[in-house]
Amino acid sequence: MQNFCTEMIGGLRIRFRRLVNDVLFLDRFSQSCFIIGLVGIAMFGILFAIPHLYTDFGDTAVLIARAFGLFVAFQMFINWLCMKFIDNRYDPDRHGTLPEGIQMGQNISRLPASVPESKPVNENKRKTNGLNQRKSGSVMYVATEMPKTADDLPKRTAYPYFSWTPCLRCNRPRPPRCHHCPQCNICVLKRDHHCHFAGSCIGYRNLRHFSVFLFWATVATIFSTVHALPYYYYHVIQNTSFFDVLFPVAIARYLLGYICLRYALFVTLSWILITFLYWATSFLKIVVNLIMLGKTTFEADNKMELTDRRNLNDKLRSVYGKYWILNFIIPLQFLYEPDDDPINWPFVKA
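In terms of our numbering, the sequence shown opens at residue 1 and continues consecutively.
Hint data in this document are derived by calculation from the structure and do not stem from the laboratory.
Computed from a predicted structure; not experimentally measured.
Below are the DSBU-like pairs computed for lysine-lysine, each with C-alpha atoms no more than 30 Å apart in a straight line:
#1 295 - 315
#2 155 - 349
#3 349 - 295
#4 285 - 303
#5 295 - 84
#6 322 - 295
#7 155 - 295
Pairwise CB distance ranges (calculated):
#8 307 - 145: 29 to 35 Å
#9 230 - 336: 38 to 44 Å
#10 70 - 326: 18 to 24 Å
#11 39 - 147: 42 to 48 Å
#12 36 - 147: 37 to 43 Å
#13 145 - 106: 16 to 22 Å
#14 147 - 81: 34 to 40 Å
#15 282 - 94: 31 to 37 Å
#16 39 - 346: 41 to 47 Å
#17 286 - 35: 19 to 25 Å
#18 169 - 85: 18 to 24 Å
#19 94 - 229: 47 to 53 Å
Ideal placement from N, C-alpha and C gives every residue a C-beta, glycine not left out.
The whole structure should be built from the sequences, with the hints applied where relevant.
In structure tokens form, the structure reads like this:
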């Protein structure tokens, strides 16, 4: 009996681990948390927290605060939709194929690398995410041959990072900074990362919306926290116990009839708010720094040696397009594309 229970628990652990590691599950779970959190926090703030905080200032102050809250929620939602549905895939018919005179694996950086490309690379060095770096240049290990058995790994070949490389899945060359996303199953131009909150890849065309989304998410979470704390202090804490600050306890005590549904929902939404606040501010700081450097998250994480020689204004236009600051008011994706060349990258040296 003991062996049976041990095997059953072990099997449940394996299934749970597979479920958590499943990208589709993570995408759906993250998007559900975002929708529930956004709608719940916005509605709770508009119905309860804002009227309470602005009672002494009159109806006009309440109306202004509610209008600002709705505006911020709208900005988050519209940029989330753009992140999710704007296509970043590499299309040879639209963007062009391997240029004439350029060979596969040839470093096409506008400035020469300090180490000759013919210098052999030690493939026995420790690899991180399939990448390896030379001391004075960056090398990417690209899958070039499918494994013969399920237990084998695909054969990988070293290519200079800033070169055209083969895509084994799409069966065609892909330009520099373009990577195949195994979750989306497409080659993404200037791929930054796969965003579970949007269920799609962040890259050349929707990085602008990801950064704007993070900006308004930071504003929204700070705005919501400022209104939630007084409401919690004057209304919730007087009608709940100390342990109700933990949302599983609050939900359980609601089901047992000790506290009302409104307080249980407030505690749950407060935890979602705290999570969003930490996530949004942390990622916003990272994204702003990467835009100023002209790099992607992929390149920063793998220590790729790239230098964008443009000034700050040109770097901003390469992400947001013309009149970049207006993107923080209204999406301009269909009016002004990013002011950059996603195939040749003439201002980047590697």
